[in-house]
Amino acid sequence: MAHHSHEPQVTVLPPNKEKIKKLWTVAGILGAITAVEFIVAFSMPHGAMKTSIFVVMTIVKAAYIVGEFMHLRYESKVLLW
Amino acid sequence: MSHSTATTIEGSEKSEWDGGVSPMGVSYGKLMMWFFLLSDAFTFSGLLITYGLVRSAHHAYTGSVADYIFSTEYWPIPEKVFDAVPFLHGVELPLVFVGIMTFVLIMSSVTMVLAVEAGHRMDRKAVEKWMLWTLLGGITFLSCQAWEWTHFIVGTDSPTLVRDFVKGEWITKEVVGASLTINQYGPADFADFFFFITGFHGFHVFSGVLFNFLIYYNTVTGVYERRGHYEMVEKVGLYWHFVDLVWVFVFTFFYLV
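So the sequences go chain by chain: A and B. The opening position of the first sequence corresponds to residue 52 in my numbering, with each subsequent residue numbered one higher. The opening position of the second sequence corresponds to residue 586 in my numbering, with each subsequent residue numbered one higher.
Be aware that a few hints might be false.
Distance ranges between label pairs, derived from CB positions [what the hints assert, rightly or not]:
#, chain 1, residue 1, chain 2, residue 2, range
1, A, PHE93, B, TRP732, 20 to 26 Å
2, B, LEU746, A, ILE80, 42 to 48 Å
3, B, PRO744, A, PHE93, 23 to 29 Å
4, B, TYR653, A, GLU69, 45 to 51 Å
5, B, MET617, A, LYS73, 26 to 32 Å
For lysine to any residue, the following SDA-like pairs were computed, each having C-alpha atoms within a straight-line distance of at most 20 Å [unchecked claim]:
#, chain 1, residue 1, chain 2, residue 2
6, B, LYS710, A, GLN60
7, B, LYS710, A, ILE84
8, A, LYS101, A, PHE89
9, A, LYS101, B, SER649
10, B, LYS710, B, TYR802
11, B, LYS758, B, ARG748
12, B, LYS710, A, ILE71
13, A, LYS101, B, SER641
14, A, LYS101, B, GLY648
15, A, LYS101, B, TYR840
16, A, LYS101, B, ALA645
17, A, LYS70, A, GLY82
18, A, LYS101, A, ILE84
19, A, LYS70, A, HIS122
These are computed hints drawn from the structure, not numbers from a lab. Beta carbons: idealized from backbone N, C-alpha and C, even for Gly.
In isolation and in its complexed conformation, chain A is listed as follows (with noise of 0.2 Å):
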C-alpha cells in the first residue's frame, strides 16, 4: 500500500462486444414485455384469464433478470438446484 512507484500493470481488455450486444437484446425484452403488459392492463376486463397472463409475464421477465442479468444461467447447476 505504501510503494506507491509500484502500482500494479493492470491489462485491459478490449469490451466483449458479443456480450454487451446480448445484454441490451434482453434489456430490449424486458421492456417489450412491460409495454405488452401495458397493453393488456387496458384493453382486457379483470378476471383469472388478465391476472393469468401478467403472471405467466412477470415470471418470464423474472427469468431473464435472474438467467442473464444475474448470470445464473452460466454458472454450475448446482446452484440453481
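Since the structure of chain A is already known, use the hints to place chain B on it.
Below, chain B without anything else, positioned relative to chain A:
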C-alpha cells in the same frame, strides 16, 4: 485464512475435504449473497402472498372502470389510485408514472451488468462510468418513489366518504389522502400494504444505492485494481438485480392485477 478473496478455485492446493473445492463453483462471497437473496425473496413472497390473501378477503369492485369511485366497500382498482404524474395536475394518466419508474429500474439494472462486464475486463474507467449511471438510476427511482408516496399521503382534490369506528360508534367522515389507520382510496389495509410493500422495497433500493456508491468509491480509489479483480461489483450487482427482480413482482401484483 488467505489474505485476499479467492475468485477461482483452480490451483488451490487444499484437498477436497479441507475446503479446497467449492461445490457450487462460485466463490464464498457470491454463494453467501445468493443465500441472503433467497432469504430476502422469502420475505418479499410473504408480503405479496399476504397482500393477495387480504385482498381476496375484501369485496372486489364489479362495475365498469369508467364509473369507478373510491369507497371502503371494496378493494380499490390500482389504475384508479395511481394515475398521477408530476407537473400534470388533474390529468388522468393511469400507471404511467409507475411505468416510468419500472423503466428506470430496468435500465439501472442494465448499466449495473455492464459495470460487471467492464470489471471482468479490468477496465476501471468503464466500471466508473457504468456505476455512475447505475447510481443515477437508483437515485431517480428513489426520488420518484418519494413523489409517489407524497401524492398518496396528501391525496386527491376531492375527499371520499369513509366509515370509521370512533369511540365505540360508526361515523361517516370525509377523508383526503392516506395514513396507516384510514385512507380515501379503500379499506385501511390497502394503504398499509402500499406503505409496507413499496416501503420495504424502497428501503432495499436505498441500501443498494449506498452499496453502489461504496463500489463506485472503491473503484475510483483503485481498491479493486490493486486487489486484481472486481468481484465486489459482481456481488453488489447480484443484490441490485434482485431489487429489480422484486420490483417486477411488486409492479405486477400491486399495480397491474
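Hint by hint, here is what the structure shows:
Between A/PHE93 and B/TRP732 the C-beta distance comes to about 23 Å, which sits within the given range of 20 to 26 Å. As the Cβ distance of B/LEU746 to A/ILE80 is approximately 45 Å, the hint placing it in 42 to 48 Å holds. About 27 Å separates the C-beta atoms of B/PRO744 and A/PHE93, a value consistent with the hinted range of 23 to 29 Å. Evaluation of the 45 to 51 Å hint for B/TYR653 and A/GLU69 yields a pass: the beta carbon distance comes to about 49 Å.
Distance hint check: the CB atoms of B/MET617 and A/LYS73 are about 28 Å apart, consistent with the given range 26 to 32 Å. A hinted pair counts as satisfied when its Cα atoms are at most 20 Å apart, and B/LYS710 with A/GLN60 qualifies at roughly 15 Å. Between the alpha carbons of B/LYS710 and A/ILE84 the distance comes to roughly 32 Å, so the proposed pair goes past 20 Å and is violated. Straight-line distance between C-alpha atoms of A/LYS101 and A/PHE89 comes to about 12 Å, which keeps the hinted pair within the 20 Å bound.
This hinted pair checks out: A/LYS101 and B/SER649 have alpha carbons roughly 16 Å apart, not beyond 20 Å. At roughly 12 Å between alpha-carbon atoms, B/LYS710 and B/TYR802 fall within 20 Å of each other, so this suggested pair holds. For the suggested pair B/LYS758 and B/ARG748, the alpha carbons sit about 6 Å apart, so the restraint of at most 20 Å is met. For the hint pairing B/LYS710 with A/ILE71, the CA-to-CA distance comes to about 16 Å; that is within 20 Å, so the pair holds.
As the CA atoms of A/LYS101 and B/SER641 are separated by approximately 16 Å, the hinted pair is consistent with the 20 Å bound. For the suggested pair A/LYS101 and B/GLY648, the alpha carbons sit about 17 Å apart, so the restraint of at most 20 Å is met. Taken as a hint, the A/LYS101 and B/TYR840 pair is honoured in the structure, with Cα atoms around 13 Å apart against an allowance of 20 Å. Under the criterion of a C-alpha separation no larger than 20 Å, the hint pairing A/LYS101 with B/ALA645 is consistent with the structure, at around 15 Å.
Note on A/LYS70 and A/GLY82: the hinted pairing holds, with a Cα-Cα distance of about 19 Å set against a maximum of 20 Å. About 15 Å separates the Cα atoms of A/LYS101 and A/ILE84, which keeps this hinted pair within 20 Å; it holds. Between A/LYS70 and A/HIS122 the CA atoms are separated by roughly 12 Å; this keeps the pair inside 20 Å, and the hint holds.
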